[in-house]
Amino acid sequence: MIRAARGPRLRGLARIANPPKRPPLIRGWSTKRQTVGFRIRELQSQKFKQSLGTGMSNEQQKPEAQQPWWAAFPAPKSDRPSLEPAEVLKLLDEGGKDAVTPKDWLLVDVRRTDWEGGTIATSINLPAHTLYQTRRVVYDLCKRAGVKRIIFYCGSCSHGGRGWKCAGWMQDFLDEVGENEIKAFTLAGGIKGWVAQYGSRQMEWYEATPWEQSK
1 MIRAARGPRL RGLARIANPP KRPPLIRGWS TKRQTVGFRI RELQSQKFKQ
51 SLGTGMSNEQ QKPEAQQPWW AAFPAPKSDR PSLEPAEVLK LLDEGGKDAV
101 TPKDWLLVDV RRTDWEGGTI ATSINLPAHT LYQTRRVVYD LCKRAGVKRI
151 IFYCGSCSHG GRGWKCAGWM QDFLDEVGEN EIKAFTLAGG IKGWVAQYGS
201 RQMEWYEATP WEQSK
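Be aware that the sequence shown starts at 1, since it is given in full-length UniProt numbering, and climbs by one per residue.
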């Protein structure tokens with residue numbers, strides 16, 4: 001072994017006597033591919049492909065799961081009771097359809113993109129995804145108007161559905177502000193149940209086609 005080599009010639013002899021260690025051979029690669037330069041270029045190529053979105057792992061390729069709209073809000077604490085369609089129909093038949101007649105109840109249709117085929121008479125449309133942020137406004141309007149029952153409905157008003165969530169959120173707010181006179185409810189069966197039972201009775205903007213297609 002040559003030690004403490006001095007001068008260009010002696011340093012060259014030292015490199016010959018003490019050659020640098022080669023990286024371990026990779027099984028299945030040709031002699032050309034075993035060279036350090038080729039490996040560096042191979043790694044650079046792989047990194048470039050990854051930057052273009054190719055050669056990524058399955059975990060990296062998976063898109064982020066899109067959260068449902070209600071994930072941005074807390075789960076309702078209140079599980080509100082339902083009013084039967086017959087009870088709501090009675091309210092409407094007793095003159096409640098007249099906009100001039102004072103009413104102590106309010107129907108709220110919380111459908112959005114599936115708002116079709118009409119709505120139950122006197123209903124206001126407040127899409128479910130905006131209800132949570134506007135509960136105070138809804139409360140203030142109902143308080144001034146003397147409304148005692150706020151009746152929410154969507155397509156079917158099933159447990160965990162939009163109507164159920166909105167009624168629960170509204171009641172949570174009423175409880176938070178200490179309101180005891182106003183209560184939130186859902187319409188049993190939603191608007192689909194209403195149409196199945198009563199057809200176009202006490203409906204506004206009614207169209208038969210969407211309901212026939214949904215059967």
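No wet-lab data here; the hints were simulated from the structure. One should not assume that every hint holds.
[Stated by the list, open to error] Taking lysine-lysine pairs in the PhoX-like style, the calculated list, with each CA pair at most 20 Å apart, reads:
| hint | residue 1 | residue 2 |
| --- | --- | --- |
| 1 | 77 | 103 |
| 2 | 183 | 77 |
| 3 | 192 | 143 |
| 4 | 90 | 103 |
| 5 | 143 | 90 |
Results of checking the hints against the structure:
no.	hint	result
1	77 / 103	28 Å, violated
2	183 / 77	14 Å, holds
3	192 / 143	29 Å, violated
4	90 / 103	13 Å, holds
5	143 / 90	23 Å, violated
Hint check: violations occur at hints 1, 3, 5; the rest are consistent with the structure.
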